[in-house]
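K.L.:
One letter stands for each residue in the lines below.
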Amino acid sequence: MQPILEVKDVVKKYSDKVALNHVSLSVPQGTIYGLLGPNGAGKTSLIRIINQITYPDSGQILLDGQLLNPTHIKDIGYMPEERGLYKTMKVGEQAMYLAQLKGLSKQEAKRQLQYWFEKLGIEEWWNKKIQELSKGMAQKIQFVVTVLHNPKLLILDEPFSGFDPVNANIIKDEILELKKKGTTVIFSTHRMESVEEMCDYIALINKSNKLIEGKLIDVKKEFRTHLYQVGILSDNVERLMLKLSEKFKMTSTEFKSLNNELQLEIDLGNAMPNELLHILTENGQVTHFVEKLPTVNDIFIQTVSK
Amino acid sequence: MNILPLIIKREFLAKVRNKSFIVMTFLSPLFFVALMVFVAYLASMKGDAKQIAIHDESGLFIKQFKSNDAFVYQDLSAIDVGILKDSVAAEKYEGLIYIPAQVNVSDYEKNIIYISNDSPSLSFISKVELLIADKITHINLQNKGINTEIIDEAQSKVNLKLTKATGEETVRGLNEIKIIIGGAFGYFIMMFIIIYGNMVMRSVIEEKTNRIIEIIISSVKPFQLMMGKIIGTSMAGILQFIIWGIVGAFLLMGSSFFLGINGTPGMTTVEVVETAGMFSPELLTDIQNYVHEILSLPLISMFVYFLVFFIGGYFLYSSLYAAIGAAVDNETDTQQFLFPILLPLMLGVYIGFFTVIKDPHGSIATVFSMIPFTSPIVMLMRIPFGVPVWEVLLSIFILFATFILVVWLAAKIYRIGILMYGKRPSWKELYKWLRY
Numbered sequence: 001m002q003p004i005l006e007v008k009d010v011v012k013k014y015s016d017k018v019a020l021n022h023v024s025l026s027v028p029q030g031t032i033y034g035l036l037g038p039n040g041a042g043k044t045s046l047i048r049i050i051n052q053i054t055y056p057d058s059g060q061i062l063l064d065g066q067l068l069n070p071t072h073i074k075d076i077g078y079m080p081e082e083r084g085l086y087k088t089m090k091v092g093e094q095a096m097y098l099a100q101l102k103g104l105s106k107q108e109a110k111r112q113l114q115y116w117f118e119k120l121g122i123e124e125w126w127n128k129k130i131q132e133l134s135k136g137m138a139q140k141i142q143f144v145v146t147v148l149h150n151p152k153l154l155i156l157d158e159p160f161s162g163f164d165p166v167n168a169n170i171i172k173d174e175i176l177e178l179k180k181k182g183t184t185v186i187f188s189t190h191r192m193e194s195v196e197e198m199c200d201y202i203a204l205i206n207k208s209n210k211l212i213e214g215k216l217i218d219v220k221k222e223f224r225t226h227l228y229q230v231g232i233l234s235d236n237v238e239r240l241m242l243k244l245s246e247k248f249k250m251t252s253t254e255f256k257s258l259n260n261e262l263q264l265e266i267d268l269g270n271a272m273p274n275e276l277l278h279i280l281t282e283n284g285q286v287t288h289f290v291e292k293l294p295t296v297n298d299i300f301i302q303t304v305s306k
Numbered sequence: 001m002n003i004l005p006l007i008i009k010r011e012f013l014a015k016v017r018n019k020s021f022i023v024m025t026f027l028s029p030l031f032f033v034a035l036m037v038f039v040a041y042l043a044s045m046k047g048d049a050k051q052i053a054i055h056d057e058s059g060l061f062i063k064q065f066k067s068n069d070a071f072v073y074q075d076l077s078a079i080d081v082g083i084l085k086d087s088v089a090a091e092k093y094e095g096l097i098y099i100p101a102q103v104n105v106s107d108y109e110k111n112i113i114y115i116s117n118d119s120p121s122l123s124f125i126s127k128v129e130l131l132i133a134d135k136i137t138h139i140n141l142q143n144k145g146i147n148t149e150i151i152d153e154a155q156s157k158v159n160l161k162l163t164k165a166t167g168e169e170t171v172r173g174l175n176e177i178k179i180i181i182g183g184a185f186g187y188f189i190m191m192f193i194i195i196y197g198n199m200v201m202r203s204v205i206e207e208k209t210n211r212i213i214e215i216i217i218s219s220v221k222p223f224q225l226m227m228g229k230i231i232g233t234s235m236a237g238i239l240q241f242i243i244w245g246i247v248g249a250f251l252l253m254g255s256s257f258f259l260g261i262n263g264t265p266g267m268t269t270v271e272v273v274e275t276a277g278m279f280s281p282e283l284l285t286d287i288q289n290y291v292h293e294i295l296s297l298p299l300i301s302m303f304v305y306f307l308v309f310f311i312g313g314y315f316l317y318s319s320l321y322a323a324i325g326a327a328v329d330n331e332t333d334t335q336q337f338l339f340p341i342l343l344p345l346m347l348g349v350y351i352g353f354f355t356v357i358k359d360p361h362g363s364i365a366t367v368f369s370m371i372p373f374t375s376p377i378v379m380l381m382r383i384p385f386g387v388p389v390w391e392v393l394l395s396i397f398i399l400f401a402t403f404i405l406v407v408w409l410a411a412k413i414y415r416i417g418i419l420m421y422g423k424r425p426s427w428k429e430l431y432k433w434l435r436y
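From first to last, the protein sequence lines are chains A and B.
Okay, so the first sequence: first residue is 1 according to full-length UniProt numbering, each after it adds one.
Okay, so the second sequence: first residue is 1 according to full-length UniProt numbering, each after it adds one.
Just chain A, with the same shape it has in the complex:
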């Protein structure tokens, strides 16, 4: 299937500083795509280019196979990291205004707003001013105005900052539901837990360059270390250690367990897990055997500090 968004060799410079250095990305349709990178990596610059707030110095952006143009504004929903609303304007009026700016007719805007306000149980906020609402409440409104024009592509910059855990969960569920309906979500963040949980694809940007891009699973495979955590209850530890050291490199490690077992971290190298298991089962009772997978955080830190 054709990717919903293609970024081709985009360069953006701010006078003497390069913000994006020949960055190319491909965001598949109907996925949640994590755009990762430390602060100042160029994520926001890229997002602003996709939103046509600024323009690239060179390179192309394709949305749904078409060169990005002003008609695409209504296809994109954008929740910036630095977000706020008119403090003295009433919630309903404000949401109507923002919806109409996205090209919705008055009736359509009203219908969509009613749907979302009901869904999130916030109907009674309609006539309140933003300054009367808490920060979390305002964030909910923000989410609603981002999605109410049913965009094909949703771009959320640090979506969970400012949310309490309960509201963050509500929003997370809404995002997953939108994904089910076919919306593609680009998720820019430097918080890795949420990425691990939600993203299908990730791209890592650091110092204006794209370093990694791909399916989360593939990226993890690429970064797998073939390290296994093993727990074993053995009568003859010396013999076990001798046998293991003939074939594998290992270090002692610690993990939470209910048993008082020997805990090891073993580098499998090119060997198969069964070879290790064989030695282990011959020499004791295996209580724990798991491949140590790299977390996105590990990958992030490892790549960025390279």
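One thing to keep in mind: the hints can contain errors.
Taking lysine-lysine pairs in the DSSO-like style, the calculated list, with each CA pair at most 30 Å apart, reads [what the hints assert, rightly or not]:
(1) Lys-207(A) to Lys-432(B)
(2) Lys-8(A) to Lys-432(B)
(3) Lys-87(A) to Lys-221(B)
(4) Lys-152(A) to Lys-9(B)
In silico contact screen, one side only, chain B against chain A (beta carbon under 10 Å); selected entries [unchecked claim]:
(5) Lys-9
(6) Glu-206
(7) Ile-216
(8) Lys-432
No lab work stands behind these hints: they were computed from the structure.
Being a predicted model, the structure only gives us computed values, none of them experimental.
In this text, a Cβ means the ideal position worked out from N, Cα and C, and glycines have one as well.
Let chain A serve as the given structure and place chain B on it in line with the hints.
P.N.:
Relative to chain A, chain B alone:
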């Protein structure tokens, strides 16, 4: 649906619904009229007439002094000067004109004394001097055997007939009216630019500090947002001025009916015409003359020019205000950028009031009516004096060309500035933004 009207509507409503706007709109005329009524009341109050004692030993001059509202002259020639001096010292009289008897008429020129506690006003002194000199001249003429009655009859009065080179007739006193109209237009434009330019700037800063700006410009072009803001704010401003005009006119009419104040200074044409009914016949003729003179001005073209210069000037400056708002994070940081904006505005008004009035077609007035940052004010002040059409058109052309250039530059600063937070930019950085 087109987006610009949406933005204009929001900006307009946001301004109009603002409490301070409503308060300003309805309280300012009340305050203004109250002030004017108060001033007019003070002016119409008759001060106590000043008592002036006259001790005329010659008896020649006493008939010259006729009492009026301001001064009551008393012939106290029978009373001793020493006593009169004491009375003046005791503030029984404002002053004493002491005319000692002289042998020769010409001696009176130097020997008349005015005695008072407070130094008298210049106008009073020259009036007294004139009265006495008049009498002395008369006596001199009679002494030379000339019949003064014949001279009085022979006095002539000249009225220059004013025409333009084109043969068109002009009217006396028109210059004052031209100054008032031109000055009012120019001043109005300056006030409007300062008040509503500031409003535009504050509204930009508000969007920036609210952090809603990025959400909005992901839907609309920054240029559209900026123009919507400028237009919406100006519409709120025009509404405010219309309300002020209507409320002010009614209040002025009402107050002049109730207090019976005549000829309040600074009345507009409309009010003069409307309130003409209650004036005395002589005043009415005067007013009719003025109205006639005003109507003889090219009013329609003046109004059209006013609108054109108003739009050009307001857009030129308010786009600068918008750029400043975008460049800073809060209002206190705006000072260093505002000064260069206020400078040409002030310059325009001063040139208008000092140079144009003295010499409406002099080189200074002409040059500054071409420079786009002062032309809306200076040219409008010149127009009532009759400016060649090509000059006006050239000035308008320069103004609008600059306006397009400045809006374009301001939009660039605006576009970058609204997404910049943190430190206050320097002039150098602003220049850099222009090149992004």
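K.L.:
Evaluate each hint against the coordinates.
P.N.:
Checked hints:
no., hint, in the structure
1, Lys-207(A) to Lys-432(B), "22 Å, holds"
2, Lys-8(A) to Lys-432(B), "27 Å, holds"
3, Lys-87(A) to Lys-221(B), "22 Å, holds"
4, Lys-152(A) to Lys-9(B), "29 Å, holds"
5, Lys-9, "9 Å, holds"
6, Glu-206, "8 Å, holds"
7, Ile-216, "7 Å, holds"
8, Lys-432, "5 Å, holds"
Comparing the model with each numbered hint stated earlier shows that all of them hold.
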